[in-house]
Amino acid sequence: MVKQNFNDKKNAVCGIVAAFNFDDDALHNSILISSLVDYLIVIDDGSADISKLDKLLEMKIHNVRVVFSNENQGIANSLNLGAKLALSMGYEWCITFDQDSTPDSHMVTLLQHQRDVLLEIYGEKVAIVAPNIIDLNARGKFCKYLVEEKKFTFSRKSPYEITESDKVLVVITSGALTNLKVLRELGFFATELFIDYVDTEYCIRLIVNGYKIGVAKDALLNHNLGQKKRKIILGVDFVATNHSPFRRYYIARNSIYMYRKYAAKVPSWFIFDLIATLYNSVRIILCEKDRYKKVKFCIRGYLDGILGRMGKIDG
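If you want my numbering, it's the 1-based position in the sequence shown plus 21.
Mixed in with the good hints, there may be bad ones.
As the list claims (entries may be wrong) - SDA-like mimics (lysine to any residue), calculated; alpha carbons at most 25 Å apart, straight line:
1. K333 x V87
2. K178 x F293
3. K73 x D44
4. K202 x D119
5. K146 x N32
6. K286 x L299
7. K238 x K310
8. K333 x A33
9. K171 x Y232
10. K73 x N32
11. K310 x L299
12. K286 x K310
13. K238 x H264
14. K162 x H264
15. K286 x K162
16. K178 x K105
17. K105 x S55
18. K238 x N301
19. K238 x A33
20. K178 x K202
21. K162 x K178
22. K146 x K333
23. K202 x H264
To be clear, the hints were calculated from the coordinates, so they are not data collected in a lab. Small disclaimer: the values here were computed from a predicted structure and weren't measured.
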């Protein structure tokens with residue numbers, strides 16, 4: 022076990038990997054991440070196959086800790102557990118990762134640099150600095166971020182277009198340099214969501230409370246955003262994400278949760294997300310396999326959202 026010095030953690034970064042059914046790629050990513058951060062915590066979320074995690078432990082990497090769970094409790098729970106461990110070790114900043122994310126060798130340093138730039142401007146209100154994400158399922162395109170223009174209007178900008186003054190509304194958790202003190206003070210990730218909208222909920226909560234989300238355009242992260250397929254119907258280009266019926270349930274249910282809680286507080290985000298939800302509904306019906314089951318699960322999700330039934334569902 023590495024002896025931790027609480028006096029040197031102010032600028033150091035703790036990595037947190039949310040793991041589920043760890044595979045070879047996840048193993049390689051974690052080894053890479055461990056070389057870029059001060060300490061790495063891998064949180065397993067009740068995986069059936071832990072052989073690759075056992076292999077990671079067998080490597081005895083000095084700054085890696087693996088925490089196992091007996092049951093699948095959702096990504097929010099994994100992130101919270103990792104964040105609380107990092108806080109207990111004296112860290113003030115962490116970077117959260119999905120297991121299928123691969124950071125560039127300079128990503129952490131560049132995130133820290135942009136954080137320092139933003140701290141000079143916004144001080145303790147800096148809550149997250151996100152990387153420039155390369156979507157491997159979209160031919161290596163850079164992902165765009167949602168930016169508020171006015172109260173009811175928004176734009177989507179590439180990281181190269183975003184300035185320090187832009188009001189970035191939502192980023193994903195993977196690759197996000199996160200202020201742990203803010204996370205603790207504002208409240209950890211919403212476990213009742215289980216999966217989907219977990220990152221969105223925290224970001225919108227930050228915005229409502231006046232915190233700053235920034236983007237480091239040169240900090241690159243390779244990431245798989247769904248199993249995308251393009252399909253052209255009547256001249257319209259649709260991109261199907263092919264989420265499972267269960268994911269469709271959580272997306273539908275949690276969208277209702279979010280709209281109830283934040284639509285009036287951040288209308289620019291709400292309008293964007295509502296448009297995206299309607300587009301996704303059409304996309305499921307026209308483009309995706311197993312569409313009838315997915316529609317059924319969406320309806321169930323909307324009903325549970327209206328009735329306030331949250332958490333993990335059975336079967």
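A quick look at each hint next to the structure:
A distance of roughly 24 Å separates the Cα atoms of K333 and V87; the hinted pair therefore holds under the 25 Å criterion. With a C-alpha separation of about 13 Å, the suggested pair K178 and F293 falls inside the 25 Å cut-off, and the hint holds. Straight-line distance between C-alpha atoms of K73 and D44 comes to about 6 Å, which keeps the hinted pair within the 25 Å bound. Under the criterion of a C-alpha separation no larger than 25 Å, the hint pairing K202 with D119 is consistent with the structure, at around 22 Å.
Only pairs whose Cα atoms come within 25 Å are accepted, and K146 paired with N32 is accepted, the gap being roughly 16 Å. Of the supplied pair hints, the one linking K286 and L299 holds, its CA atoms being roughly 21 Å apart against a limit of 25 Å. Annotation: proposed proximity of K238 to K310 is violated, straight-line Cα distance about 36 Å (limit 25 Å). With a C-alpha separation of about 34 Å, the suggested pairing of K333 with A33 is violated against the 25 Å cut-off.
Taken as a hint, the K171 and Y232 pair is honoured in the structure, with Cα atoms around 17 Å apart against an allowance of 25 Å. Distance restraint check for K73 and N32: the Cα-Cα separation of roughly 31 Å exceeds the 25 Å cut-off, and the hinted pair is therefore not satisfied. For the suggested pair K310 and L299, the alpha carbons sit about 18 Å apart, so the restraint of at most 25 Å is met. The suggested pairing of K286 with K310 is violated, with an alpha-carbon distance near 36 Å, which exceeds 25 Å.
A hinted pair counts as satisfied when its Cα atoms are at most 25 Å apart, and K238 with H264 does not qualify at roughly 28 Å. Between K162 and H264 the CA atoms are separated by roughly 20 Å; this keeps the pair inside 25 Å, and the hint holds. With a CA separation close to 32 Å, the supplied pair K286 and K162 exceeds the 25 Å bound. At roughly 33 Å between alpha-carbon atoms, K178 and K105 are farther apart than 25 Å, so this suggested pair is violated.
Between K105 and S55 the alpha-carbon distance is near 19 Å, which keeps this suggested pair within the 25 Å criterion. Simply put, K238 and N301 have alpha-carbon atoms about 28 Å apart, too far for the 25 Å limit, and the pair is violated. Between the alpha carbons of K238 and A33 the distance comes to roughly 21 Å, so the proposed pair stays at or under 25 Å and holds. Our distance criterion of 25 Å between C-alpha atoms is broken by K178 and K202, whose separation comes to about 28 Å.
In summary, the hint linking K162 to K178 is supported, as the alpha carbons are separated by about 13 Å, within the 25 Å threshold. For the proposed pair K146 and K333, the alpha carbon gap of about 33 Å is over 25 Å, so the pair is violated. For a cut-off of 25 Å, the pair hint linking K202 to H264 is broken: about 34 Å separates their Cα positions.
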